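Protein chains: 2
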Amino acid sequence: MDQFIEKTIQTEEIYNGKVVKLRVDEVTLPNGQTSKRELLTHQGAAAIIPVTQDHKIIFVRQYRKAVEKMLIEIPAGLIDEGEKPEETAVRELEEETGYTTDNLIFVTSFYPTPGYTDELIYIYFTKELEMLSEAKQNDEDELVELVELSLSEAKQYMKEQQIHDAKTNYAILYLESLGMK
Amino acid sequence: MDQFIEKTIQTEEIYNGKVVKLRVDEVTLPNGQTSKRELLTHQGAAAIIPVTQDHKIIFVRQYRKAVEKMLIEIPAGLIDEGEKPEETAVRELEEETGYTTDNLIFVTSFYPTPGYTDELIYIYFTKELEMLSEAKQNDEDELVELVELSLSEAKQYMKEQQIHDAKTNYAILYLESLGMK
Numbered sequence: 258m259d260q261f262i263e264k265t266i267q268t269e270e271i272y273n274g275k276v277v278k279l280r281v282d283e284v285t286l287p288n289g290q291t292s293k294r295e296l297l298t299h300q301g302a303a304a305i306i307p308v309t310q311d312h313k314i315i316f317v318r319q320y321r322k323a324v325e326k327m328l329i330e331i332p333a334g335l336i337d338e339g340e341k342p343e344e345t346a347v348r349e350l351e352e353e354t355g356y357t358t359d360n361l362i363f364v365t366s367f368y369p370t371p372g373y374t375d376e377l378i379y380i381y382f383t384k385e386l387e388m389l390s391e392a393k394q395n396d397e398d399e400l401v402e403l404v405e406l407s408l409s410e411a412k413q414y415m416k417e418q419q420i421h422d423a424k425t426n427y428a429i430l431y432l433e434s435l436g437m438k
Numbered sequence: 258m259d260q261f262i263e264k265t266i267q268t269e270e271i272y273n274g275k276v277v278k279l280r281v282d283e284v285t286l287p288n289g290q291t292s293k294r295e296l297l298t299h300q301g302a303a304a305i306i307p308v309t310q311d312h313k314i315i316f317v318r319q320y321r322k323a324v325e326k327m328l329i330e331i332p333a334g335l336i337d338e339g340e341k342p343e344e345t346a347v348r349e350l351e352e353e354t355g356y357t358t359d360n361l362i363f364v365t366s367f368y369p370t371p372g373y374t375d376e377l378i379y380i381y382f383t384k385e386l387e388m389l390s391e392a393k394q395n396d397e398d399e400l401v402e403l404v405e406l407s408l409s410e411a412k413q414y415m416k417e418q419q420i421h422d423a424k425t426n427y428a429i430l431y432l433e434s435l436g437m438k
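As you go down the protein sequences, you meet chains A and B in turn.
Per my numbering, the first sequence runs over residues 258 to 438.
Per my numbering, the second sequence runs over residues 258 to 438.
Just so you know, not all the hints are guaranteed correct.
As the list makes no split between identical chains, a pair holds if one copy fits it or if it spans any two.
[Stated by the list, open to error] Below 35 Å or equal to it, Euclidean Cα-Cα: the simulated DSBU-like pairs (lysine-lysine) are:
#1 Lys341 - Lys416
#2 Lys412 - Lys264
#3 Lys393 - Lys275
#4 Lys293 - Lys438
#5 Lys341 - Lys384
#6 Lys293 - Lys313
#7 Lys313 - Lys278
#8 Lys438 - Lys275
#9 Lys264 - Lys384
#10 Lys275 - Lys313
#11 Lys412 - Lys384
#12 Lys438 - Lys278
#13 Lys326 - Lys393
The set of hints was computed from the structure by calculation and includes no laboratory data.
Computed from a predicted model, the values in this text were never measured in an experiment.
Chain A on its own, in the form it takes in the complex (with noise of 0.2 Å):
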């Protein structure tokens, strides 16, 4: 991949937030030009698509203040520093719905914009949920309520594009794959 490379010449630190990091790169292209290439830092993410025993999808419902939207999205959450994913999703699972785990499946993961930022989202799948006998305290500036679908109304919600984000409309397809209905 040497011929690929893009050496950094010179970074410039643009801004060190509590969700991102954005710098410039000014970078050496293989043909010798000079580019430059705004970058994000960001800490990764892990989501769960978590299914009851009568086959409800469990979602929650958030205002999304960047798209300025109320979006319906498989649970998840930044990673906290020195977390695994996998402790992420549990954990985003039990302050989010009320509901734990142990048994988690991993599905996949990925970067969702790898042309800005270094993001990675692991996605987990469990159909073995257990309530909580006490709620956790979720993040204190996050408001989110429960939504409870079966994946065809999942797939409604899509049409209406209230849901519409990759790790949602991911988990809709592969809950299809699985032969769900």
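Starting from the known structure of chain A, fit chain B onto it as the hints suggest.
Relative to the frame of chain A, chain B by itself:
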């Protein structure tokens, strides 16, 4: 949805780049508290899943500076101003692969990461490809090489994480759902 809306009190512009614009909004949460939202504005992207008559998927392999790796992805690119997503999809197909099509099937669209950006990606599918007689000019600072793979080869690359991004992992699951082998 009124009870969920996060009202912007103040916006701080951080960076206005070629690909991303970053701002930080101070918002009022529904519970009356305030919080900060790091928000990226992005012009959106379109991608295409091109399948040849002999059941090969056409991918592009390129160096992704954000993740410092070579990735194999379906052809995709930023939506230019005034361009329709389906035009972007065909343009990127032409520029990156040397094929074109007049038969585009809309697959889905999704926000890769609605937690912090309004980027929306549109995904199309075609199995009616025609080779261009003359190669189109690609972006000068984008060096890509073509990779034609069967679905099972693509799944192997996914296991090895050379295919490892949202739109391409989605494409593979989508082709499986069509019954492709």
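Cross-check of the supplied hints:
1. In this homomeric assembly, Lys341 and Lys416 come within 35 Å of each other (Cα to Cα) both inside a single copy, at 34 Å, and across copies, at 20 Å.
2. Proximity of Lys412 to Lys264 under the C-alpha cut-off of 35 Å is restricted to the inter-copy arrangement: shortest distance 30 Å between copies versus 44 Å within a copy.
3. For a Cα distance limit of 35 Å, the shortest separation of Lys393 from Lys275 inside one copy, 22 Å, qualifies, whereas the shortest one across copies, 42 Å, does not.
4. Proximity of Lys293 to Lys438 under the C-alpha cut-off of 35 Å is found in neither arrangement, the shortest distances being 47 Å within a copy and 40 Å between copies.
5. Proximity of Lys341 to Lys384 under the C-alpha cut-off of 35 Å is restricted to the intra-copy arrangement: shortest distance 21 Å within a copy versus 40 Å between copies.
6. For the identical chains of this complex, Lys293 and Lys313 are inter-copy neighbours only, at 34 Å across copies versus 46 Å inside a copy, given an alpha-carbon limit of 35 Å.
7. For a Cα distance limit of 35 Å, the shortest separation of Lys313 from Lys278 qualifies neither inside one copy, at 37 Å, nor across copies, at 38 Å.
8. When the C-alpha separation of Lys438 and Lys275 is checked against a cutoff of 35 Å, the pair qualifies neither within a copy, at 40 Å, nor between copies, at 43 Å.
9. Within a single copy, Lys264 and Lys384 get their C-alpha atoms no closer than 45 Å, and across copies no closer than 37 Å, so neither meets the 35 Å cut-off.
10. Taking CA atoms no more than 35 Å apart as the test, Lys275 paired with Lys313 passes inside one copy only; the shortest distance there is 34 Å, against 43 Å between copies.
11. Proximity of Lys412 to Lys384 under the C-alpha cut-off of 35 Å is found in both arrangements, the shortest distances being 19 Å within a copy and 25 Å between copies.
12. Taking the shortest Cα distances, Lys438 and Lys278 never come within 35 Å of each other, neither inside one copy (41 Å) nor across copies (41 Å).
13. In this homomeric assembly, Lys326 and Lys393 come within 35 Å of each other (Cα to Cα) only inside a single copy, at 26 Å, whereas the closest approach across copies is 38 Å.
In summary, the structure is inconsistent with hints 4, 7, 8, 9 and 12 from the numbered list given earlier, while agreeing with the others.
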